[in-house]
Amino acid sequence: MTMNKHAIPAILLFWSFSLNGQLTTYLTFEAGPQWGLIKVIDPGGYFESSNVNSSIAGITIGQEVTRNLSLVAGVYYQPYKGGINMIDDRPWTQRLATFSSLLIPLRAEYRVQFTEFPVSLTPRIGYVFNRISFPDIPYQRAGILMAPDGSTFSYNQTQQFTEPSRHFLELGAALGLRFAGLWQASLNLSYLNGFNQVDDPTFLLSYQDPPGNATEAEYRTKGNQVFTTLSFHIPVSNIWQNRDYRIRSRIENSNLEGKPTESNSSFYLGAELGPLWRLFNTNNPAIGARPMEDRGFLRYANFRGGLYAGWLIRDDLGIDLGVNYQKSSIFYSISHDHEVDLAFRSTAPLFLEIPLRIRYFYNIYKEKLLYVVYGGASLLTQFSTGDFAAGSGDFSYTSPATGTQLQATSSYTATRISSFRPLLRIGTGAEYRLPLEFPLTATLYVNYMHGFMAVEEMTITGSIPGSASLGSLSYNGSAWSVDFGVKVPLPFRKEGACAPPPEREEL
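Note that our numbering numbers the sequence shown so that position 242 is 242, with each residue one more than the last.
The hints are simulated quantities; they were obtained by calculation from the structure and are not laboratory data. All values derive from a computational prediction rather than experimental measurement. Be aware that one or more of the hints could be misleading.
[To be verified] In the DSSO-like style, the derived pairs of lysine-lysine whose C-alpha atoms are separated by at most 30 Å in a straight line are:
| hint | residue 1 | residue 2 |
| --- | --- | --- |
| 1 | LYS487 | LYS366 |
| 2 | LYS327 | LYS487 |
| 3 | LYS487 | LYS368 |
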């Protein structure tokens, strides 16, 4: 009922504007990573604020009210994450499922296009209503940690519930690209600032400081957050226009003004390979994927490689589909003592990724050196659903009660949760046409893949008193990679596959 009360009047207002044939209505699909900004009050000074990563996805409808000014409303779904963060050198932060929520934005956007290129900057400002759904049972855990100063203590962590609704001011901007008539894509960045005067509690942390005094630290937030999304904007108000009007509009919005408009479309084939660094989530601040020391640049990277085939729709726009092999391994590190107590690594079954990418090419130097940005989606798949690995190892840790070294045993079970998971994909890079008779292009890309749901999980147990389960690590497909490759253009012309493209005559 709350969503209907806020969203339906705005949508009806937008459709009333679309009766004007000169203005456009857009249906937008978007998704991407989100970071919650959580403060801490800690009299002991051992813990600091945490910025915990999660995801956000949604659908909006936008209506132009003037040529460049639009009003936008919609709904986002967000599985909000939280966690505690000790002031230390551990290269990870605790990440816990805190609550799920719906966000209903109502914003104004103004598009500014600085050059003749189909790239624009769109500042945005608006209001966001947030409805929260809390879990039936609050999260609780107990554990032990050693601070960088050598202080060892046990702690108890308890989730606290807040008000079920929040209100935000949204400020942000979008970098947009028009790639086919009125069809657009954009990379968006938004900051949400809560209207609440007082921060709401999220976690209560009880621990014994080194002198043995009971201390409480409290993590609090107004819900402030930052999120960035990749979005695709589909014009829906002009689908009933006749064919002649659509052709005229496409010519007016093309980037080939003053030149013939025949298509120079062609096909291309490519191959790429390189290192991939997977990103993991942990529910225990003493356990992470990679150790604090001796990580190396490539030591915990996985090899990936693949092939792709694409269609160059026009000189500056291409779309391609591929398949990538992703070598996999499992690893975890225990650092109760603020040092590496245990580091484990083993091989794991492979992943296959099927990426769909839309690339935009910008000519830097004589059509030989191109700067490229792309966005798209992937399907991550694997063939080992269920438990696929198990093992154990011994380690030592410092007792909070006595300060002496004790021996313990750690065991793990690795599980593949699902055969398929969707990923969001963005990247940037460069392509260089090699000075060869054969039209071969060298490519270099930096890529980020963002996952939304866990595909692999490792449950870690141990013999530490009071801690039957040490924690868990999960992988949802999120990763960074650097790809080196080659590409072969295949012009689709009567003269042959490798015929040079015809030169355009200036009018």
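Results for each hint:
no.: 1; hint: LYS487 - LYS366; in the structure: holds, 18 Å
no.: 2; hint: LYS327 - LYS487; in the structure: holds, 23 Å
no.: 3; hint: LYS487 - LYS368; in the structure: holds, 13 Å
Violation of the numbered hints given earlier is absent; every hint is satisfied by the structure.
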